[in-house]
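Chemist: Between the sequences and the hints, there should be enough to build the whole structure, so can you do that?
The sequence shown begins at 1 in the UniProt record's numbering and counts up one residue at a time.
Derived by calculation from the structure, the hints in this document are not laboratory data.
Wrong hints could be hidden among the right ones.
[As the list claims (entries may be wrong)] If you anchor each label on the Cβ, the simulated ranges turn out as follows:
id: 1; residue 1: A26; residue 2: E61; range: 17 to 23 Å
id: 2; residue 1: A22; residue 2: R47; range: 18 to 24 Å
id: 3; residue 1: L68; residue 2: E27; range: 19 to 25 Å
id: 4; residue 1: T29; residue 2: R78; range: 18 to 24 Å
id: 5; residue 1: G39; residue 2: T60; range: 18 to 24 Å
id: 6; residue 1: D43; residue 2: D80; range: 15 to 21 Å
id: 7; residue 1: E61; residue 2: P14; range: 24 to 30 Å
For glycine and all other residues, C-beta sits at the position ideal for the given N, C-alpha and C.
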Amino acid sequence: MDVDDIRQPPDDRPPDSRPEAAYATAELTVEYHETTPMGVPLDVTSRVVGEIDRSAQVQTEILADGALTVTGDVTAVRMDGVL
1 MDVDDIRQPP DDRPPDSRPE AAYATAELTV EYHETTPMGV PLDVTSRVVG
51 EIDRSAQVQT EILADGALTV TGDVTAVRMD GVL
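Modeler: This is how it looks when you write it as structure tokens:
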């Protein structure tokens, strides 16, 4: 995946356009496994692992030089009527 893939919204909206829904962070947990070095490319992966009503559970991993340095869990709540 290159940078252009990351910037292009998944639903074919133009880059820098507003998403269809806004979310607020209800809970955020970050676990630091190793020091994340500066000046090296980072691989960041996020995935939705669950959805209930207006809430989404998202897990994120950050790897530096192939080593897992950070994991995060987010509970995000959709804010209807914000956009």
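Chemist: Determine whether the Cβ-Cβ distance between D43 and D80 falls within the hinted range of 15 to 21 Å.
Modeler: 33 Å, violated
Chemist: Could you check the hint for me, namely that A26 and E61 are 17 to 23 Å apart, CB to CB?
Modeler: Taking Cβ atoms as reference, A26 and E61 lie about 20 Å apart, which means the hint holds.
Chemist: Has the hinted range 18 to 24 Å been met by the Cβ atoms of A22 and R47?
Modeler: 20 Å, holds
Chemist: Could one say that the CB atoms of L68 and E27 fall in the range 19 to 25 Å?
Modeler: Holds, at about 21 Å.
Chemist: The hint says 18 to 24 Å between T29 and R78; measuring C-beta to C-beta, is that right?
Modeler: Given range 18 to 24 Å: holds, Cβ gap about 20 Å.
Chemist: If you check the beta carbons of G39 and T60, does the distance land in 18 to 24 Å?
Modeler: For G39 and T60 the Cβ distance comes to about 21 Å; the hint holds.
Chemist: Quick check on a hinted range of 24 to 30 Å for E61 and P14, using CB atoms only.
Modeler: 29 Å, holds
Violated hints amount to a single one, hint 6; each of the other numbered hints is respected by the structure.
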